[in-house]
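Now for the letters of each chain:
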Amino acid sequence: MTAMIDAERLRKKYLRDGMLPTIFCNGCGHGAAFDYAFRAFEELGLDMDKVALASGIGCSSRIPGYINADGLHTAHGRALAFATGIKAANPDLTIVVFTGDGDCTGIGGNHFIHAARRNIDMTVILLNNFIYGMTGGQLAPTAPIGSISTTSPYGNIEQAFNICELAKALGAAYVARWPIFHPYQPIKSIKEGIQNKGFSLIELLSPCPTAYGRRNKLGEIDSLWKWYEDNTILIEDYEKAMDYGTEEEKEAVRGKFQVGVFQNVQKPGFFEEYDKLVQRIIAKEDERKGGAE
Amino acid sequence: MILVLEDWCKGCEICVKRCPLNALELSDKLNKRGVYPPKLKAENECNSCKLCELICPDFAVTVTLDEEKKSKEPKSRLIIGGIVNEV
Numbered sequence: 000m001t002a003m004i005d006a007e008r009l010r011k012k013y014l015r016d017g018m019l020p021t022i023f024c025n026g027c028g029h030g031a032a033f034d035y036a037f038r039a040f041e042e043l044g045l046d047m048d049k050v051a052l053a054s055g056i057g058c059s060s061r062i063p064g065y066i067n068a069d070g071l072h073t074a075h076g077r078a079l080a081f082a083t084g085i086k087a088a089n090p091d092l093t094i095v096v097f098t099g100d101g102d103c104t105g106i107g108g109n110h111f112i113h114a115a116r117r118n119i120d121m122t123v124i125l126l127n128n129f130i131y132g133m134t135g136g137q138l139a140p141t142a143p144i145g146s147i148s149t150t151s152p153y154g155n156i157e158q159a160f161n162i163c164e165l166a167k168a169l170g171a172a173y174v175a176r177w178p179i180f181h182p183y184q185p186i187k188s189i190k191e192g193i194q195n196k197g198f199s200l201i202e203l204l205s206p207c208p209t210a211y212g213r214r215n216k217l218g219e220i221d222s223l224w225k226w227y228e229d230n231t232i233l234i235e236d237y238e239k240a241m242d243y244g245t246e247e248e249k250e251a252v253r254g255k256f257q258v259g260v261f262q263n264v265q266k267p268g269f270f271e272e273y274d275k276l277v278q279r280i281i282a283k284e285d286e287r288k289g290g291a292e
Numbered sequence: 000m001i002l003v004l005e006d007w008c009k010g011c012e013i014c015v016k017r018c019p020l021n022a023l024e025l026s027d028k029l030n031k032r033g034v035y036p037p038k039l040k041a042e043n044e045c046n047s048c049k050l051c052e053l054i055c056p057d058f059a060v061t062v063t064l065d066e067e068k069k070s071k072e073p074k075s076r077l078i079i080g081g082i083v084n085e086v
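Quick mapping for you: the protein sequence lines, in order, are chains D and R.
FYI, numbering that gives the first Met the number 0 numbers position 167 of the first sequence as 166, with every residue one higher than the one before it.
FYI, numbering that gives the first Met the number 0 numbers position 24 of the second sequence as 23, with every residue one higher than the one before it.
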């Protein structure tokens, strides 16, 4: 049970000495994300020597620096490419990638698409705050229409990326989206994602009061967190409203972010298939050699 | 009982605002960062649900199970004829 885990012991075990407090702004949700990851690791009983972390550039990508495990802090957007490399070199490792929305889907969009398409066994924890927070509040591809940022001072007119739907369409094995302030669902999703043998994406909606909330007049920390509460809806409720609701009900839920588990299927990952391929070719080669001799 | 690592607290007040039983308040002593860290109210109904510990983004709150409180029977309030009886 999650509730029985002793937080003090957890902190001693997983946090790197002398790194805390974090650099995150007051009211940022990113800190909670790695708290949830610890609890998932703890529940799975993972050996931290067998876990490798990877991250790109950005606020969320600072997270591996705080965790007492081996990690790569890589080039902007290339976290998934490096993670693929780690997995290729040592398939025994459990790969967890911490990345942001700008990092993963903006700068590294193609890496994301192809990592999901190849179904490489890794768990991606994507912290979506709708903005490039660390570099000064530029517009990220996930920002909703009308968002104000330093590069869109009159409001965003581009359609936003729906990361979960994209990953689902690409055939990722596990796709889930949760707001950061509901603790138990993300913990369960991270756990299921690590256990899944394919590409797992857990998108966490994390508020950014400094770069996003302040510019978009979403108010203080508390009202910003409430905004996320008001603008998210469970997938089941969304589908119910869309199927059986009246026109007003449909209109009310249309602009909201669906949260929940989008996809959970078991299928062989890239390296599993690759091993099979190698075995098949070796067997064929042996047969051919045996026949020639 | 909650333990607060006062110097890790950034003063976002998320724990105070989101406590389902409204058991937390700001203390009156500033910490190193110049913010008021949370503390448990003198009169509180904390049931150690650990929500504050889980959602604190700065790892500043730890909830410890109160042995004394744990052994006590949960209070229920019966209202009979307008008089509140604590059973």
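It should be emphasised that the hints constitute simulated quantities derived from the structure, not laboratory data.
The beta carbon of each residue, even a glycine, is placed where N, CA and C say it ideally should be.
A hint or two may mislead.
Stated by the list, open to error - For each label pair, taking beta carbons as the anchor points, the in silico distance ranges come out as:
1. A159/D / N21/R: 43 to 49 Å
2. L43/D / S47/R: 35 to 41 Å
3. S222/D / S47/R: 55 to 61 Å
4. K255/D / N46/R: 38 to 44 Å
5. W226/D / G33/R: 41 to 47 Å
6. E246/D / G33/R: 37 to 43 Å
7. E24/R / G254/D: 41 to 47 Å
8. S26/R / V264/D: 24 to 30 Å
9. K249/D / E24/R: 52 to 58 Å
10. N21/R / D236/D: 24 to 30 Å
Unchecked claim - Dumping the calculated DMTMM-like pairs for lysine to aspartate or glutamate here, alpha-carbon to alpha-carbon at most 25 Å:
11. K40/R / E235/D
12. K16/R / E235/D
13. K16/R / D91/D
14. K49/R / E41/D
15. K196/D / D46/D
16. K31/R / E228/D
17. K187/D / E235/D
18. K31/R / E44/R
19. K49/R / E271/D
20. K187/D / E219/D
Structure-based check of all given hints:
1. A159/D / N21/R: 43 to 49 Å: Violated, since A159/D and N21/R (Cβ atoms, about 36 Å apart) do not stay within the stated range.
2. L43/D / S47/R: 35 to 41 Å: Violated: the Cβ-Cβ distance is about 24 Å, outside 35 to 41 Å.
3. S222/D / S47/R: 55 to 61 Å: Distance hint for S222/D, S47/R is violated at roughly 28 Å.
4. K255/D / N46/R: 38 to 44 Å: 32 Å, violated
5. W226/D / G33/R: 41 to 47 Å: With Cβ atoms ~27 Å apart, the hint is violated.
6. E246/D / G33/R: 37 to 43 Å: 52 Å, violated
7. E24/R / G254/D: 41 to 47 Å: 36 Å, violated
8. S26/R / V264/D: 24 to 30 Å: At roughly 49 Å between Cβ atoms, V264/D and S26/R fall outside 24 to 30 Å, so the hint is violated.
9. K249/D / E24/R: 52 to 58 Å: Given range 52 to 58 Å: violated, Cβ gap about 42 Å.
10. N21/R / D236/D: 24 to 30 Å: 28 Å, holds
11. K40/R / E235/D: 39 Å, violated
12. K16/R / E235/D: 28 Å, violated
13. K16/R / D91/D: Violated, because 43 Å separates the two Cα atoms, which is more than 25 Å.
14. K49/R / E41/D: Measuring from Cα to Cα gives roughly 17 Å; hence the hint holds.
15. K196/D / D46/D: 17 Å, holds
16. K31/R / E228/D: At roughly 32 Å apart (the allowed maximum being 25 Å), E228/D and K31/R break the hint.
17. K187/D / E235/D: 18 Å, holds
18. K31/R / E44/R: 29 Å, violated
19. K49/R / E271/D: 40 Å, violated
20. K187/D / E219/D: The hint is violated at about 30 Å.
This entry does not satisfy hints 1, 2, 3, 4, 5, 6, 7, 8, 9, 11, 12, 13, 16, 18, 19, 20, going by the numbered hints stated previously.
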